[in-house]
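Peer 1: These protein sequences, in sequence, are chains L and U. Quick note: the first sequence, position 85, residue 85 per the numbering used here, numbers continuous. Quick note: the second sequence, position 14, residue 1014 per the numbering used here, numbers continuous.
If you're looking for bench data, these hints aren't it; they were derived computationally from the structure. Among these hints, one or two may not hold up.
[As the list claims (entries may be wrong)] For lysine to aspartate or glutamate, the following EDC-like pairs were computed, each having C-alpha atoms within a straight-line distance of at most 16 Å:
#	chain 1	residue 1	chain 2	residue 2
1	U	Lys1259	U	Asp1242
2	U	Lys1202	U	Glu1156
3	U	Lys1202	U	Glu1244
4	U	Lys1008	U	Glu1022
5	U	Lys1383	L	Glu40
6	U	Lys1383	L	Asp43
7	U	Lys1042	L	Asp43
8	U	Lys1383	L	Asp41
9	U	Lys1072	L	Asp30
10	U	Lys1316	U	Asp1347
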Amino acid sequence: MKIKGRVWKYGDSINTDVIFPGKYTYTVTDKSEMAKHALEDLDPDFAEKVKKGDVIVGGRNFGCGSSREQAVACLVYAGVGAIIARSFSRIYFRNCINFGLPAIVSPEVVDTLEKGDIVEIDLERGVVKSARGIFEFPPLPEAVIGIFEAGGLIPYTRKRLGLE
Amino acid sequence: MGETFAEKIFSRKAGRKVKAGEFVEVEPDVAMSHDNTAAISKTFLSIGVDKVHNPDRHVVILDHCVPPADEKFARNHKEIREFVRKFGIKNFYDINTGICHQVMHEKGHVWPGALIVGSDSHTTSYGAFGAFSTGIGRSEMAVIMATGKMWFRVPETIRVHVEGEFPDFVGPKDLMLKIAGEIGADGALYKAVEYCGPTIEKMGVAGRFVLANMSVEIGAKAGYMIPNDEVLEYIRRRVKRDFEVIKSDEDAEFEKEYKFDVSDLSPMVARPHTVDNVVPIGEVKGTKVDMVFFGSCTNARLEDFEEAVKVLGKRKFSPNVRVIIIPASMEIYKGLLKRGILEKFIDAGAVVLNPGCGPCMGNHEGVPADGEIVISTSNRNFKGRMGNRNSEIYLASPQTCVASGIYGEIVDVRELS
Chain L
1 MKIKGRVWKY GDSINTDVIF PGKYTYTVTD KSEMAKHALE DLDPDFAEKV
51 KKGDVIVGGR NFGCGSSREQ AVACLVYAGV GAIIARSFSR IYFRNCINFG
101 LPAIVSPEVV DTLEKGDIVE IDLERGVVKS ARGIFEFPPL PEAVIGIFEA
151 GGLIPYTRKR LGLE
Chain U
1001 MGETFAEKIF SRKAGRKVKA GEFVEVEPDV AMSHDNTAAI SKTFLSIGVD
1051 KVHNPDRHVV ILDHCVPPAD EKFARNHKEI REFVRKFGIK NFYDINTGIC
1101 HQVMHEKGHV WPGALIVGSD SHTTSYGAFG AFSTGIGRSE MAVIMATGKM
1151 WFRVPETIRV HVEGEFPDFV GPKDLMLKIA GEIGADGALY KAVEYCGPTI
1201 EKMGVAGRFV LANMSVEIGA KAGYMIPNDE VLEYIRRRVK RDFEVIKSDE
1251 DAEFEKEYKF DVSDLSPMVA RPHTVDNVVP IGEVKGTKVD MVFFGSCTNA
1301 RLEDFEEAVK VLGKRKFSPN VRVIIIPASM EIYKGLLKRG ILEKFIDAGA
1351 VVLNPGCGPC MGNHEGVPAD GEIVISTSNR NFKGRMGNRN SEIYLASPQT
1401 CVASGIYGEI VDVRELS
């Protein structure tokens, strides 16, 4: 799987409230509506300008806070192809895998890439390419790679239960 | 080499000896969900199974917007009631019960040694009772409904050793904020945190709960304490089953150990907009406040109100401040009524609302206006958390919040005569 897009760069501890505000968690459920509120309290321009395949680059502890899965879903619905961070908050990382959104840990990428850079990610080879350099990242833990490859936890579970 | 609490819990569940870093697929003892159960039920139905795997494992508690603020929340609750009825989930608590994390132990769904998951980040709370408990996502809860199982990585453990006696007007919330400030919002990322030492051994249920509840604010997968006699007595009054207290071995491998001494701890405050942006009270003293929120799963228990009402005395709240009080559960609400505590707060000018999450994540019941400053007993001060990105939230103890409500600005509760 290859992902190509522009970089949107943010800082440390980007929390789930600024990614998808709590006040919407029971009232905004339509996919395109959710996409319109993505990163609303962090970067009001984002939802309007994001393009399919764009990549979010964050700092430490990306996605800290609530367990709300919409904080992953809204980015997927907005077209985000992957998130690269120095580290991910625990539940957010699980939600990414379970939603089939690549969550890549690469401090080098975070240190080097800037907003607007074009990146190409090769998930199988574990490589991020950009004009500023080529960076390798570690693969997902073997125990969860199957979930990701199936497209997320629900298709994975359906497959395991023989329902696909 | 001995085993940590986390390793023992997952070894038992997996039926083999596992070490930190291993992945396991296990059956949790209890699985809690709240208002998000409607969304979970739709994901569950999309899997294509026709019954819930062990409906008695599940506990569903309505708390995030109770009673519903509009027709969307009302429809959400209605769907949940229909779902639990149809699929035989008997452990269902409607809008008249309280905040999920309080109701869970009040109603006997938490016991030492249990493995508990919840589709809510503050599920770490039940470590206060010696359970291993952690937050998961909605899809994961749907899969547990379908299969009974979930994958976990066995976490490494960090020890937080606490000693000393709390000074007057300083307590567990100040300690937890101090810990968050020192360790940082990702200081315990993916780890289990074990709180120990003489201060913890003496700490009661309400104080322990603050530490376990806010462990997620330092990134932890779980926060845990060995239950003391007070905790065990509390649990035995509510749980009808046998259980075993599980403890880390002394020669277990701990990744790190932090030490804190609370003897000279000040009241602590987390400034906007992160929980680890913590300073001693002196640095924020004098900051004007427009609203006090005394509620949430973190700090709205009987003991919190009992301590805070001592600070209040016969004083009134500032006419420039709205004080919103939301007891964490109906059981607590009744306890406060009986003791005459609610009346004192009402006479002082507070608004008392029904148990639930209230304005904590901005759904209703006290969303701040643009430019307003809130001081809150809750656990998160992220931008927009209470429903308005143009407001600011400070986090503090119940005593500090009540004292600040009296003066209309952040004050050092120790200086009140």
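Peer 1: Hint by hint, note whether the structure agrees.
Peer 2: Here is how each hint holds up against the structure:
1. U:Lys1259 / U:Asp1242: Not OK: Lys1259 of chain U and Asp1242 of chain U at ~34 Å, beyond 16 Å, violated.
2. U:Lys1202 / U:Glu1156: This hinted pair is violated, its Cα atoms lying about 26 Å apart.
3. U:Lys1202 / U:Glu1244: Answer violated: Lys1202 of chain U to Glu1244 of chain U is near 20 Å, above 16 Å.
4. U:Lys1008 / U:Glu1022: holds, 13 Å
5. U:Lys1383 / L:Glu40: Status holds; Cα separation ~11 Å.
6. U:Lys1383 / L:Asp43: holds, 12 Å
7. U:Lys1042 / L:Asp43: Measuring from Cα to Cα gives roughly 31 Å; hence the hint is violated.
8. U:Lys1383 / L:Asp41: holds, 7 Å
9. U:Lys1072 / L:Asp30: holds, 13 Å
10. U:Lys1316 / U:Asp1347: OK: Lys1316 of chain U and Asp1347 of chain U at ~7 Å, within 16 Å.
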